[in-house]
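Asker: What follows is each chain in one-letter form.
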Amino acid sequence: MKQKHLIEIAVALMLARWKQTLVATIGVTFSIALFISLLGFMEGLNQLLDGLVLNRTPHIRLFNDIQPSKIQPIDLSEQYQNYHNFISSVKPVNTRKEIYNAQQIIHKLKNDKRVFGVAPKITAQVFYNLGNIDLNGIINGVDAEKEAKLFAFSDYVIKGNYRELETISNSIILGQGAADVMNAKIGDIITVTTTEGEQFSLKVIGFFQSGMAEIDKIQSFASLTTTQKLLGEDSNYISDIQIKLKDLNKAPALAIEFEDFFKINAEDIQTANAQFETGSGVRSIISYAVGITLLIVSGFGIYNILNMLIYEKMDTIAILKATGYAGNDVKKIFISISLSIGVAGALAGVFFGILLSAIIDAIPFSSPSIPNVTTYPIDYGIQYYLIAIIFAMVTTFLAGWMPAKKASKVDPVLIIRGK
Amino acid sequence: MENSTVLEARGICKSFYNPVKIDVLKDVSFKLKRGEYASIIGRSGSGKSTLLYILSTMDTDFTGKLLIDGIDLHYKSEKELAAIRNAKIGFVFQFHYLLNEFTAIRNVMLPGFKLNKVSEEELESKAYEYLKDLGIENLAHKMAYKLSGGEKQRVAIARAMINDPLIIMCDEPTGNLDSKNADIVFNIFKELTETFNKTLLVVTHDLIFAEKTGRIIELDDGRIIRE
Numbered sequence: 001m002k003q004k005h006l007i008e009i010a011v012a013l014m015l016a017r018w019k020q021t022l023v024a025t026i027g028v029t030f031s032i033a034l035f036i037s038l039l040g041f042m043e044g045l046n047q048l049l050d051g052l053v054l055n056r057t058p059h060i061r062l063f064n065d066i067q068p069s070k071i072q073p074i075d076l077s078e079q080y081q082n083y084h085n086f087i088s089s090v091k092p093v094n095t096r097k098e099i100y101n102a103q104q105i106i107h108k109l110k111n112d113k114r115v116f117g118v119a120p121k122i123t124a125q126v127f128y129n130l131g132n133i134d135l136n137g138i139i140n141g142v143d144a145e146k147e148a149k150l151f152a153f154s155d156y157v158i159k160g161n162y163r164e165l166e167t168i169s170n171s172i173i174l175g176q177g178a179a180d181v182m183n184a185k186i187g188d189i190i191t192v193t194t195t196e197g198e199q200f201s202l203k204v205i206g207f208f209q210s211g212m213a214e215i216d217k218i219q220s221f222a223s224l225t226t227t228q229k230l231l232g233e234d235s236n237y238i239s240d241i242q243i244k245l246k247d248l249n250k251a252p253a254l255a256i257e258f259e260d261f262f263k264i265n266a267e268d269i270q271t272a273n274a275q276f277e278t279g280s281g282v283r284s285i286i287s288y289a290v291g292i293t294l295l296i297v298s299g300f301g302i303y304n305i306l307n308m309l310i311y312e313k314m315d316t317i318a319i320l321k322a323t324g325y326a327g328n329d330v331k332k333i334f335i336s337i338s339l340s341i342g343v344a345g346a347l348a349g350v351f352f353g354i355l356l357s358a359i360i361d362a363i364p365f366s367s368p369s370i371p372n373v374t375t376y377p378i379d380y381g382i383q384y385y386l387i388a389i390i391f392a393m394v395t396t397f398l399a400g401w402m403p404a405k406k407a408s409k410v411d412p413v414l415i416i417r418g419k
Numbered sequence: 420m421e422n423s424t425v426l427e428a429r430g431i432c433k434s435f436y437n438p439v440k441i442d443v444l445k446d447v448s449f450k451l452k453r454g455e456y457a458s459i460i461g462r463s464g465s466g467k468s469t470l471l472y473i474l475s476t477m478d479t480d481f482t483g484k485l486l487i488d489g490i491d492l493h494y495k496s497e498k499e500l501a502a503i504r505n506a507k508i509g510f511v512f513q514f515h516y517l518l519n520e521f522t523a524i525r526n527v528m529l530p531g532f533k534l535n536k537v538s539e540e541e542l543e544s545k546a547y548e549y550l551k552d553l554g555i556e557n558l559a560h561k562m563a564y565k566l567s568g569g570e571k572q573r574v575a576i577a578r579a580m581i582n583d584p585l586i587i588m589c590d591e592p593t594g595n596l597d598s599k600n601a602d603i604v605f606n607i608f609k610e611l612t613e614t615f616n617k618t619l620l621v622v623t624h625d626l627i628f629a630e631k632t633g634r635i636i637e638l639d640d641g642r643i644i645r646e
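Heads up: the protein sequence lines correspond to chains A and B, in order. The first sequence lines up with residues 1 to 419 when you count with this note's numbering. The second sequence lines up with residues 420 to 646 when you count with this note's numbering.
Only chain A is shown next, with the shape it has when bound in the complex (with noise of 0.2 Å):
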């Protein structure tokens, strides 16, 4: 038996009724156009979510923590070795912020495989002195240049160059929420206040929005080499070391291991910010239980209208087994029509999707808070398209199998002798 004959009586019968194969196959047209954007979409809007939060933070994060020594001088002395030794209300000593040997630490990341890129830096608390009053403020001594290249610094400077921060020399980028309190233009001089109480004046060449009100009003940033002169620290100073990793997936793991090696706190990003995680994942499950539903909706479609099928074709069936065809041929015509659906679906339900997020894509956006997004974001990833693909195939095959089957089972006598 030629699969070819099997399938040109497929044909034949789907043609006999092409309105039915029609809407059939419109329907798993539909679904998979609308799981492919719906989940390219919602996937979208995940990375642009999270790369708000994601994209500026370092993967990894080394710093000195303030918290009290571990070991007590009581658990030094010889006579109370063996005990258990109480002590309550322990302060940290005077620890300082600095990382020891930091050049040697960043030398030693760089050259590490699985590291992306290390980016220094220094937070110093100070003052925005407006007039009387006095607001407080964080200023980020970073290196420009890494600062772009690794976690998008440039994407949200609004307003200035902010390479001018390495060539202009006491220049500061304010945040937006900062330069709107004190009504700052870009050109002109702020003097802030350091914890140490000295005054420094600073000249304003750009502002910065990240789009989280609460962290413009407060930060802003300047080079390395002004940070430290505002805290009065030479030019080894450095308070922490950003490392962007070649897999995010690791930093926990390597967070363990440079802590143990450098002798330093790590925090990884997936502990700094496990909400976000969490968020991405429900919202990707309910987008993918939508788009399966619509999947599944249209097999059913497929087996209503093949039941349909085989109740026309009664006929058609027993004649088919009169003459020599065994019920597996027979099943394997209506699974053949079904797959026929199903492919002829998926084909043309990939091509909408494409045009569907390609429509989606073009549809401006704009939000203040993202202020590099002009259009609503779409994940074009090829796994949304190959998860419709073969779901389509599995559930018109299943669709198309239970019809397949009953007709498979037709008793020709039954037909040829009750007419």
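Keep in mind that a hint or two might mislead.
Quick list of in silico lysine-lysine cross-link-like pairs, DSSO-like style, CA-CA up to 27 Å [stated by the list, open to error]:
| no. | chain 1 | residue 1 | chain 2 | residue 2 |
| --- | --- | --- | --- | --- |
| 1 | A | Lys331 | B | Lys445 |
| 2 | A | Lys4 | B | Lys565 |
| 3 | A | Lys19 | B | Lys565 |
| 4 | B | Lys561 | A | Lys409 |
| 5 | A | Lys405 | B | Lys495 |
| 6 | B | Lys498 | A | Lys332 |
| 7 | B | Lys495 | A | Lys332 |
| 8 | B | Lys484 | A | Lys4 |
| 9 | B | Lys507 | A | Lys331 |
| 10 | B | Lys495 | A | Lys331 |
| 11 | A | Lys4 | B | Lys507 |
| 12 | A | Lys332 | B | Lys507 |
| 13 | A | Lys405 | B | Lys498 |
| 14 | B | Lys498 | A | Lys4 |
| 15 | A | Lys409 | B | Lys495 |
| 16 | A | Lys332 | B | Lys536 |
| 17 | A | Lys406 | B | Lys495 |
Worth flagging that the hints you see were computed from the coordinates, not collected in a lab. Please read all numbers here as calculations on a predicted model, not as lab measurements.
Position chain B relative to chain A; hints supplied.
Answerer: Showing chain B alone in chain A's frame:
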């Protein structure tokens, strides 16, 4: 091969349970030799159609022994029975039963696709030859549903012939035809037995038709009462 037995029924019994047991066939035994033209007659409900469908291998729910071409058909799987039906038995039904989605010649070729012994081109020329023998070669490429009753029945006969079967079974082949077409069909059958040496088994209640066949098996109440 001349006069060898192609079909043998030994003590075939069949009962329906609906809701009480009714014996439809009671110990039916007979043999058909190659080239025989036999008809089964009987009143309505005498079990003649039931017998035919048992002999055709489509109805497997019976007791007794059925041999086609010396092969015992008991305990054969559905797939094996289908293959036997395909290669050794041709069918002509009362209601023509062509596939309306295909042309006449495609309908004729259908059992040949399943047998898959010759190429499609060969099969097509063979089908065309049969149509020509039956005088309807000009209808070969017409869709089946556009044919008249007599034409359809002739296409069905060509289809029954395509795999060169041992035996052709017919269930009231002339029941739906006028006397002119019935005569044509009868003559075709006669020719099949005489020139092609086929075995024919026809179920009919048309006594005039049956009288003209070589052998009459009369059933009444599930038993053979006359041969």
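Asker: Look at each hint and say if it fits the structure.
Answerer: Hint-by-hint comparison with the structure:
no. : hint                   : result
1   : Lys331(A) to Lys445(B) : 36 Å, violated
2   : Lys4(A) to Lys565(B)   : 26 Å, holds
3   : Lys19(A) to Lys565(B)  : 22 Å, holds
4   : Lys561(B) to Lys409(A) : 31 Å, violated
5   : Lys405(A) to Lys495(B) : 20 Å, holds
6   : Lys498(B) to Lys332(A) : 14 Å, holds
7   : Lys495(B) to Lys332(A) : 21 Å, holds
8   : Lys484(B) to Lys4(A)   : 37 Å, violated
9   : Lys507(B) to Lys331(A) : 23 Å, holds
10  : Lys495(B) to Lys331(A) : 20 Å, holds
11  : Lys4(A) to Lys507(B)   : 23 Å, holds
12  : Lys332(A) to Lys507(B) : 23 Å, holds
13  : Lys405(A) to Lys498(B) : 15 Å, holds
14  : Lys498(B) to Lys4(A)   : 20 Å, holds
15  : Lys409(A) to Lys495(B) : 16 Å, holds
16  : Lys332(A) to Lys536(B) : 20 Å, holds
17  : Lys406(A) to Lys495(B) : 21 Å, holds
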